[in-house]
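> Start from the sequences, fold in the hints, and give me the full structure.
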Amino acid sequence: MGERNPQRAPTGPAWRAPSLILVAIAAGLLAGLAESAFLAAQRGIAGRMVFMGRHAWWMTPIAEALLFAGVTALFLALSRPWPRVRTLRGVAFLNTGLAALALLLLVPPLHMLARVALAVGVGWQASRLVDALFRKRERVARRIAWGLAAGTAAIALVSAGITGIRDRPVGPAPAGDAPDVLLLILDTVRARSLSLYGYGRPTTPRLEALGRDGVVYERAIAPAPWTLPSHAAMFTGRPAHELSASWRRPLDDAHETVAERFTRAGYRTAGFVANMGYAGWETGLDRGFQRYEDHPISLRQLVVESSLARRIVGSTRFRDLRGTDENFVRKSAARVNERFLGWLDRGDEERPYFAFLNYYDAHAPYEPPEPYRTRFARGEPRGAVSALHRWNENPFAPPPDSAAIARELDAYEAAIAYVDAEIGRLVEELERRGRLDRTVIVVASDHGEEFGEHGVYDHGNSLYFDGVHVPLLVRYPPRVPAGTRVETPVSLRHVAATLADLAGLEGPPLPGRSLAGPPGSPDGAPVLTEVSFAPRLPDWFPVSRGDMASLIDERWQYIRNGDGAEELYDLDEDPGERRDLAADPARGADIARYRGGLPAHRGDRTAARSPR
Amino acid sequence: MYIGPETLMPLASVLAAITGVLMLFWRRTVEVFRMTVQFVSRAFGRLFSRS
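Chains as they are written, first to last, in numbering that gives the first Met the number 0: chain R, 0 to 611; chain S, 0 to 50.
It is worth saying that the hints were derived from the structure and are not from the lab.
Wrong hints could be hidden among the right ones.
Said to hold, decoys possible - Using C-beta positions, here's what the derived DEER-type ranges look like: (1) S:T35 with R:R321: 50 to 60 Å; (2) R:F50 with S:A42: 50 to 60 Å; (3) S:V20 with R:A152: 37 to 47 Å; (4) R:A149 with S:V39: 54 to 64 Å; (5) R:R321 with S:V39: 53 to 63 Å; (6) S:A42 with R:I311: 48 to 58 Å; (7) S:V39 with R:P398: 58 to 68 Å; (8) S:R26 with R:P107: 24 to 34 Å; (9) R:G146 with S:G44: 49 to 59 Å; (10) R:G454 with S:T35: 57 to 67 Å; (11) R:W145 with S:I17: 37 to 47 Å; (12) R:R316 with S:T35: 38 to 48 Å; (13) S:T28 with R:G146: 32 to 42 Å.
Backbone N, C-alpha and C define an ideal beta-carbon position, used for all residues, glycine too.
Structure follows, in structure tokens:
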């Protein structure tokens with residue numbers, strides 16, 4: 000039945016093991032370049048974020064090359080009894096199959112078995128081609144491999160060069176009395192859990208001390224209940240609905256950012272972010288910064304640049320083996336501060352800076368370091384595996400029980416305490432350097448966090464108060480009065496105008512208003528917060544029903560859901576928002592007032608976008 | 000007729016898997032296909048030659 004496959008009997012000289020390893024390295028480098036190109040094409044063509052690191056163009060090829068070389072070395076060691084497979088054809092089959100699998104992992108809607116089957120088929124056919132082309136050309140193949148390695152090294156050098164060139168101030172330095180400006184964002188920290196706002200646990204003693212030297216806003220409201228639109232609003236001064244930033248789309252360049260304003264004014268500007276996903280460079284939040292550090296250049300980051308390795312380290316089984324749900328690559332607050340202070344040391348002492356620091360430690364999975372881990376544990380602390388984090392990955396499953404949620408809350412607040420301590424160390428360091436009192440310090444959070452108070456967890460799923468009520472404090476002794484607390488609700492979108500005002504930047508005012516006016520400035524208008532529809536979530540998640548908007552003033556929170564349903568809460572009498580007063584006839588006039596006021600805040604977007 | 004992601008995804012996976020298997024056994028597949036075509040041609044030839 001047909002002739003025997005001639006490829007079963009390899010001809011030509013046998014390849015040496017080092018040459019076969021070089022083949023694997025070449026395959027890995029090519030696979031890595033192809034991965035980066037595929038993701039870049041997705042970003043360029045579809046305009047969507049693909050969460051690719053800035054250094055992926057050289058880190059991904061190196062990661063895949065190391066992985067392929069390791070797998071091939073293992074293959075050669077284990078296949079000693081079978082010389083028939085220890086050939087160019089055998090190694091080419093293994094590596095082209097791995098390369099195909101690595102690329103197929105970037106194609107979402109395929110079952111894993113289908114990916115493997117297709118990768119095996121592609122590897123089989125590709126290995127025939129490679130064998131036919133190079134079986135008698137070992138030296139040529141080695142040269143190609145070395146050439147690819149040199150090309151990857153060149154990409155790395157160019158990348159480092161570009162980073163260095165961008166990290167230079169533009170134009171003359173501003174006037175001698177221009178202050179330094181430091182914006183500290185505590186990702187995912189809700190006001191309710193802070194002792195700064197009267198919480199029973201001592202979660203933020205350093206922020207309390209900082210607040211005594213400045214102004215604390217009792218009712219600061221995030222423009223959106225999740226990272227990207229909230230940061231984008233803070234950086235541009237515009238409400239979230241005016242901005243392009245969304246679940247998969249970055250902030251475009253339609254509006255000036257506060258970093259661009261500082262750079263033009265001659266400031267050194269830099270961002271140091273630990274939320275490498277939705278505050279990374281791809282989101283557009285880096286626009287205007289001369290230096291923007293998100294994904295670190297580290298061994299762990301190198302590992303996750305490989306799509307194959309990323310799949311493994313992100314799997315539940317691997318996390319069970321590690322005994323932790325902690326992200327494989329995670330930047331601590333201490334590390335963020337270290338990178339910032341190192342950048343400060345390398346620059347011109349006489350030129351002021353604007354620096355943005357984003358701390359991710361209080362974001363799920365909550366993994367505070369010791370000794371904070373058990374600081375607030377009631378009874379047995381949460382184990383290394385986070386039931387809530389696992390549930391967030393599959394919200395259609397039943398949520399964890401109340402005891403597990405309580406342990407998660409303990410871990411969350413312990414993480415807040417850790418970040419608070421690191422902020423304290425940073426402030427002490429600035430004071431030691433004699434720079435503290437010439438620095439405008441703004442501390443805020445981009446959004447809060449929910450722990451099942453309304454049947455939802457995490458953030459970005461609703462507009463309830465715990466998800467949008469955030470800390471905000473401003474410290475700058477020359478202009479901001481100490482020991483002041485402002486009760487009036489304010490939106491974080493005014494941060495941009497406030498920073499520009501306190502730094503005395505010239506130019507047309509940024510959107511919003513400076514919060515550095517006299518204490519108690521009247522601002523009777525309710526504050527807007529909003530969130531866009533999110534697909535593929537359980538239907539009891541409010542955000543799954545369409546675009547949502549909420550107005551918050553001194554006493555009330557009005558919520559308009561995506562399906563048109565309205566909610567009203569008395570935040571003074573019912574801070575936990577347990578009693579919805581929307582159907583109460585006595586509150587009819589209030590409902591009508593907020594309903595009528597929403598279009599003025601949101602333009603013509605009040606007609607909610609719904610999936611139906 | 001509505002074909003949404005819940006249909007397209009399994010369909011894409013099935014097609015990908017079939018493609019992979021075909022690529023793995025490409026020569027055998029081509030051989031089987033050739034033999035099938037030859038068998039069908041001969042069968043039709045015998046049928047028409049009798050009539």
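> Taking the hints in turn, state whether each one holds.
Do the hints match the structure? See the list:
{"no.": "1", "hint": "S:T35 with R:R321: 50 to 60 Å", "in the structure": "52 Å, holds"}
{"no.": "2", "hint": "R:F50 with S:A42: 50 to 60 Å", "in the structure": "58 Å, holds"}
{"no.": "3", "hint": "S:V20 with R:A152: 37 to 47 Å", "in the structure": "39 Å, holds"}
{"no.": "4", "hint": "R:A149 with S:V39: 54 to 64 Å", "in the structure": "56 Å, holds"}
{"no.": "5", "hint": "R:R321 with S:V39: 53 to 63 Å", "in the structure": "58 Å, holds"}
{"no.": "6", "hint": "S:A42 with R:I311: 48 to 58 Å", "in the structure": "53 Å, holds"}
{"no.": "7", "hint": "S:V39 with R:P398: 58 to 68 Å", "in the structure": "60 Å, holds"}
{"no.": "8", "hint": "S:R26 with R:P107: 24 to 34 Å", "in the structure": "32 Å, holds"}
{"no.": "9", "hint": "R:G146 with S:G44: 49 to 59 Å", "in the structure": "57 Å, holds"}
{"no.": "10", "hint": "R:G454 with S:T35: 57 to 67 Å", "in the structure": "59 Å, holds"}
{"no.": "11", "hint": "R:W145 with S:I17: 37 to 47 Å", "in the structure": "39 Å, holds"}
{"no.": "12", "hint": "R:R316 with S:T35: 38 to 48 Å", "in the structure": "44 Å, holds"}
{"no.": "13", "hint": "S:T28 with R:G146: 32 to 42 Å", "in the structure": "36 Å, holds"}
Of the numbered hints listed earlier, not one is contradicted by the structure.
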